[in-house]
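*Asks:* Sequence:
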Amino acid sequence: MTSSKSGTRAKATKTPTKASAEAPAKTPGAAKANKTAKAANSNKPAKAAKAAKVPEVVKVPKGESHLALVRRARRINRELAEVYPYAHPELDFRNPFELLVATVLSAQTTDLRVNQTTPALFAAYPTPEDMAAAVPEEMEELIRPTGFFRAKTKSLLGLSAALRDDFGGEVPGRLEDLVKLPGVGRKTANVVLGNAFGVPGITVDTHFGRLVRRWKWTDEEDPVKVEAVVADIFPKSEWTMLSHRVIFHGRRICHSRKPACGACPIAPLCPSYGEGETDPEKARKLLKYEMGGYPGQRLSPPPDFPGKPAPALGAA
Numbered sequence: 028m029t030s031s032k033s034g035t036r037a038k039a040t041k042t043p044t045k046a047s048a049e050a051p052a053k054t055p056g057a058a059k060a061n062k063t064a065k066a067a068n069s070n071k072p073a074k075a076a077k078a079a080k081v082p083e084v085v086k087v088p089k090g091e092s093h094l095a096l097v098r099r100a101r102r103i104n105r106e107l108a109e110v111y112p113y114a115h116p117e118l119d120f121r122n123p124f125e126l127l128v129a130t131v132l133s134a135q136t137t138d139l140r141v142n143q144t145t146p147a148l149f150a151a152y153p154t155p156e157d158m159a160a161a162v163p164e165e166m167e168e169l170i171r172p173t174g175f176f177r178a179k180t181k182s183l184l185g186l187s188a189a190l191r192d193d194f195g196g197e198v199p200g201r202l203e204d205l206v207k208l209p210g211v212g213r214k215t216a217n218v219v220l221g222n223a224f225g226v227p228g229i230t231v232d233t234h235f236g237r238l239v240r241r242w243k244w245t246d247e248e249d250p251v252k253v254e255a256v257v258a259d260i261f262p263k264s265e266w267t268m269l270s271h272r273v274i275f276h277g278r279r280i281c282h283s284r285k286p287a288c289g290a291c292p293i294a295p296l297c298p299s300y301g302e303g304e305t306d307p308e309k310a311r312k313l314l315k316y317e318m319g320g321y322p323g324q325r326l327s328p329p330p331d332f333p334g335k336p337a338p339a340l341g342a343a
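Under our numbering, the first residue of the sequence shown is numbered 28, with each subsequent residue one higher.
Keep in mind that the hints were calculated from the coordinates and are not lab data. Worth double-checking, as some hints may not be accurate.
Stated by the list, open to error - Below, in silico cross-link-like pairs of lysine-lysine (DSS-like), each with a Cα-Cα straight-line distance of 25 angstroms or less:
no. : residue 1 : residue 2
1   : 207       : 89
2   : 181       : 207
3   : 243       : 285
4   : 335       : 312
5   : 252       : 207
6   : 312       : 89
7   : 315       : 285
8   : 207       : 263
9   : 335       : 315
10  : 263       : 243
11  : 263       : 285
12  : 252       : 263
13  : 309       : 285
14  : 335       : 309
Said to hold, decoys possible - Restraint ranges, calculated between C-beta atoms of paired labels, are given here:
no. : residue 1 : residue 2 : range
15  : 339       : 263       : 15 to 25 angstroms
16  : 306       : 197       : 23 to 33 angstroms
17  : 284       : 195       : 45 to 55 angstroms
18  : 109       : 168       : 23 to 33 angstroms
19  : 90        : 195       : 48 to 58 angstroms
20  : 306       : 168       : 44 to 54 angstroms
21  : 301       : 197       : 44 to 54 angstroms
22  : 204       : 335       : 29 to 39 angstroms
23  : 109       : 167       : 35 to 45 angstroms
24  : 301       : 246       : 35 to 45 angstroms
Glycine included, each C-beta is placed from N, C-alpha and C at the ideal position.
Using the sequences provided together with the hints, build the complete structure.
*Replies:* Structural data, given as structure tokens:
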């Protein structure tokens, strides 16, 4: 009897396919390569949901089975993969050390501000040995734009010295080693492992946590518990890219205070649809970065990024 009801609920969450006439229009990320290139060179806002009527959203049944939840969550991931085929880490880096430092600096600030700050920092201290020998006051001035520069300087000096003394000047590729470094927690370690070493990891930042709760994947608030729940829903091979897609969506469309529900391509799958602006025209004005026709966060974005590079620090 129980399994029969669960099956019914799983079907109840089924929503219109992309072929449905009521489905939201595709974003530039879901368009073909030539359309993406055209959108990248245009000053007009990206077409996240071109004046299309958002279909009525199917609310998740109160007693949604775990199987139904897994199916819905994986479908959201597939949809996001079409919307953001170019999803990537939004910190500029050329090697594991630069990614580690940039990720530590990204606490309590934007990736954009970090990317505008690190060129001068890495020019002055290109290796762990160089950074470990830095004069604290001089480093503080270089990273001041990222905020909390004294605490961050202390962390960077400490982790650089640890890399020099304990790891031969190389960033370790194991979680248990990374989290021992000053200023490096599980989130930072997963960022480095997933993007510098190809080791699957789930990055639970504020965007990721907010969205998985809106999507009712979990009610957990603790990042470690959120990571465990999501890891149980998706295969390891998806962990790193899932993190990028969810964070991209949180920064561009599903904002904290006023999500652009009317311009959201996964609205039919979202049980929290309606928390934000549902009018398509008004919602499109809330889109950020390349989705709104603006520069991205990286000064050196990947070649397939459909938006514009971010300006350097101090540039107009």
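*Asks:* Look at each hint and say if it fits the structure.
*Replies:* For each hint, the structure was consulted:
1. 207 x 89: Measuring from Cα to Cα gives roughly 41 angstroms; hence the hint is violated.
2. 181 x 207: 15 angstroms, holds
3. 243 x 285: This hinted pair holds, its Cα atoms lying about 18 angstroms apart.
4. 335 x 312: Distance of about 18 angstroms is within 25 angstroms: holds.
5. 252 x 207: 20 angstroms, holds
6. 312 x 89: 33 angstroms, violated
7. 315 x 285: 12 angstroms, holds
8. 207 x 263: Cα-Cα ~24 angstroms, so holds.
9. 335 x 315: 12 angstroms, holds
10. 263 x 243: 21 angstroms, holds
11. 263 x 285: 32 angstroms, violated
12. 252 x 263: Satisfied, since the Cα-Cα distance of roughly 16 angstroms is no more than 25 angstroms.
13. 309 x 285: The hint holds at about 11 angstroms.
14. 335 x 309: 23 angstroms, holds
15. 339 x 263: 15 to 25 angstroms: 37 angstroms, violated
16. 306 x 197: 23 to 33 angstroms: Violated - the Cβ-Cβ distance for residue 306 and residue 197, about 53 angstroms, lies outside 23 to 33 angstroms.
17. 284 x 195: 45 to 55 angstroms: Because 46 angstroms falls inside the window, the suggested range holds.
18. 109 x 168: 23 to 33 angstroms: Check failed, 44 angstroms falls outside 23 to 33 angstroms.
19. 90 x 195: 48 to 58 angstroms: 54 angstroms, holds
20. 306 x 168: 44 to 54 angstroms: Hint holds: Cβ distance 46 angstroms, inside 44 to 54 angstroms.
21. 301 x 197: 44 to 54 angstroms: Since residue 301 and residue 197 have Cβ atoms about 50 angstroms apart, the given range 44 to 54 angstroms holds.
22. 204 x 335: 29 to 39 angstroms: 38 angstroms, holds
23. 109 x 167: 35 to 45 angstroms: 44 angstroms, holds
24. 301 x 246: 35 to 45 angstroms: 19 angstroms, violated
Consistency with the previously given hints fails for numbers 1, 6, 11, 15, 16, 18 and 24, ordered from lowest to highest.
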